[in-house]
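Work out the full structure, taking the sequences as your base and the hints as a guide.
There are 2 protein chains.
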Amino acid sequence: MIKWLINGAPGDSISVMDRGLTYGDGLFETIAVRDGCARFPDYHLQRLIDSCQRLSIPVPDDHTFRTEIEGLAAGCQMGTIKIIVTRGTGDRGYGPPTHPVSTRIIGLIPDQPPPGTPWQSGIEMTFCETRIGVAPDLAGMKTLGRLDQVLARTELTGSIFREGVMCTEDGEVICGTMSNVFYVNEGGLATPELARCGIRGVMRRLVMEQAPLAGIECREAAVHPDELLGANEIFVTNSRIGIWPVVRLESIRYEIGPITRRLMAALADIGVAECRV
Amino acid sequence: MIKWLINGAPGDSISVMDRGLTYGDGLFETIAVRDGCARFPDYHLQRLIDSCQRLSIPVPDDHTFRTEIEGLAAGCQMGTIKIIVTRGTGDRGYGPPTHPVSTRIIGLIPDQPPPGTPWQSGIEMTFCETRIGVAPDLAGMKTLGRLDQVLARTELTGSIFREGVMCTEDGEVICGTMSNVFYVNEGGLATPELARCGIRGVMRRLVMEQAPLAGIECREAAVHPDELLGANEIFVTNSRIGIWPVVRLESIRYEIGPITRRLMAALADIGVAECRV
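Protein chains in written order, with numbering that gives the first Met the number 0: chain B, 0 to 276; chain U, 0 to 276.
The set of hints was computed from the structure by calculation and includes no laboratory data. All C-beta atoms in this analysis are idealised placements derived from N, C-alpha and C, irrespective of residue type, glycine included. You may find that some hints are simply not true.
[Said to hold, decoys possible] Derived CB-CB ranges, DEER-like:
no., chain 1, residue 1, chain 2, residue 2, range
1, U, Gly270, B, Asn6, 40 to 46 Å
2, B, Glu226, U, Ile269, 52 to 58 Å
3, U, Ile159, B, Glu226, 45 to 51 Å
4, B, Asp169, U, Ile251, 27 to 33 Å
5, U, Ser250, B, Asp61, 41 to 47 Å
6, B, Pro113, U, Ala221, 41 to 47 Å
7, U, Gly229, B, Asp169, 50 to 56 Å
8, B, Gly35, U, Glu249, 56 to 62 Å
9, U, Ser250, B, Glu123, 54 to 60 Å
10, U, His98, B, Glu226, 38 to 44 Å
11, B, His62, U, Asp34, 51 to 57 Å
12, U, Glu219, B, Val100, 38 to 44 Å
13, B, Asn6, U, Gly229, 49 to 55 Å
14, U, Thr156, B, Pro113, 44 to 50 Å
[What the hints assert, rightly or not] Selected chain U positions facing chain B (Cβ under 10 Å, derived; list incomplete):
no., residue
15, Arg46
16, Glu128
17, Asp147
18, Thr153
19, Arg195
[Unchecked claim] Derived DMTMM-like pairs: lysine to aspartate or glutamate, alpha-carbon spacing no greater than 25 Å straight-line:
no., chain 1, residue 1, chain 2, residue 2
20, B, Lys2, U, Asp11
21, U, Lys2, U, Asp90
22, U, Lys2, B, Asp90
23, U, Lys2, B, Asp11
24, B, Lys2, B, Asp60
Below, the structure written as structure tokens:
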């Protein structure tokens, strides 16, 4: 049973006129919960609040959020706190209400560890046929409209691939269906720049912050599939999984390399327990 | 008071786990109602059903839809029937359920005629700064994720512009914020092709069907802003407005030309009353 709070009150439904449903006019976060605590709530709330400001969605009160997050996380050994913030209800038509009142949805979803030990043994990955939409005005944000990722994810159903790489129409590598992608080659550690689309993941940010502290330079780059295929190491990140090394992309095999291992150790040290291998 | 039916039962709320909200995993239609009748329901239902099939969303029963549409429209002089179909509720994660049960939402929203007489006097239009997202795998469909159009629409708030032109990141003209765009130049009547993004509007389809019957050839083309600015006639279409001539784009003035007038007459003849000027 999932416990939801809607604008602070228990409930599990929203109006059919909520712009989150009608136009994808909102944002979401998924925060890992481990041993009764939400992981990196500051980073998630900062992205959420920054995105609200960028979209002119009224920003819910920070203190209220923290209280709700702490309350839901307490007593949960392993779960995900899902937050949705929408521009609230509105009349028909794309134009937002003059004085929107945002809808704040927050719930705790109990989790099981993923099957197998992907953080240890690595995952196999493929390129998805579904192209990620290029929407520079929404780039970086975790907006509600994720249908391209849904379709890409569907391609993996029943396959051995735990993740799929998504590219733009013009062949730029952006991300995985549910993760950000990093790779290591002669130029060092790199990750796709996200100026045109993609989500600036919290775990991506943590890797980019931890890398220099571990003596590893990390750059953002325009990435072509060939660079990924020719890389020495590849790994994917998201808030709930930490780092998963990639041991195969299409027909090419990869080692779990030294840079990946150092970064996993660095993340483990700041609290991402599943990176401790 | 708006009357909603959710999977056939009166109600006005949906689960916070509905994938329409969580991922924009669904479609919608807005059907004009005039004098107790839904206008062109076959065209709307065909687009909806085609799109459901394309997205592997279970297709709601056609007969049920027709009964609900007729029931809601009866007795309404002027309104909009809004239909939303989602992939239904699901667990957390982009991957759809193995056996999704779609959510069918339908409601009647009473309307007022738009202010002024835009169909007669024409509208002023500008180019929006917000770029329309390029998502070829979703192109043509009226999916729930419309945040780029929301942002573009917001640019027009408080301005004299009744509509704004949306272009892709690389400068291709696609549509208006809530309409499809047509223009006439030496090459004849044309409208942006929608292979990369944009919605294949029902009124757009009707114009393209009626044009040849009225002796007017209509082509789909990759359109640059200069072609629009240099056109002899411009008009925009949507299901609820029919055709609105454009009398100004940025600083350039346009006549309501002979092609626009012939097409408005043709649409009026097949039941788009507001095109009778």
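Here's how the hints hold up against the structure:
no.	hint	verdict
1	U:Gly270 <-> B:Asn6: 40 to 46 Å	43 Å, holds
2	B:Glu226 <-> U:Ile269: 52 to 58 Å	54 Å, holds
3	U:Ile159 <-> B:Glu226: 45 to 51 Å	48 Å, holds
4	B:Asp169 <-> U:Ile251: 27 to 33 Å	31 Å, holds
5	U:Ser250 <-> B:Asp61: 41 to 47 Å	45 Å, holds
6	B:Pro113 <-> U:Ala221: 41 to 47 Å	44 Å, holds
7	U:Gly229 <-> B:Asp169: 50 to 56 Å	27 Å, violated
8	B:Gly35 <-> U:Glu249: 56 to 62 Å	58 Å, holds
9	U:Ser250 <-> B:Glu123: 54 to 60 Å	57 Å, holds
10	U:His98 <-> B:Glu226: 38 to 44 Å	39 Å, holds
11	B:His62 <-> U:Asp34: 51 to 57 Å	53 Å, holds
12	U:Glu219 <-> B:Val100: 38 to 44 Å	41 Å, holds
13	B:Asn6 <-> U:Gly229: 49 to 55 Å	51 Å, holds
14	U:Thr156 <-> B:Pro113: 44 to 50 Å	45 Å, holds
15	Arg46	16 Å, violated
16	Glu128	8 Å, holds
17	Asp147	6 Å, holds
18	Thr153	6 Å, holds
19	Arg195	7 Å, holds
20	B:Lys2 <-> U:Asp11	21 Å, holds
21	U:Lys2 <-> U:Asp90	29 Å, violated
22	U:Lys2 <-> B:Asp90	14 Å, holds
23	U:Lys2 <-> B:Asp11	21 Å, holds
24	B:Lys2 <-> B:Asp60	20 Å, holds
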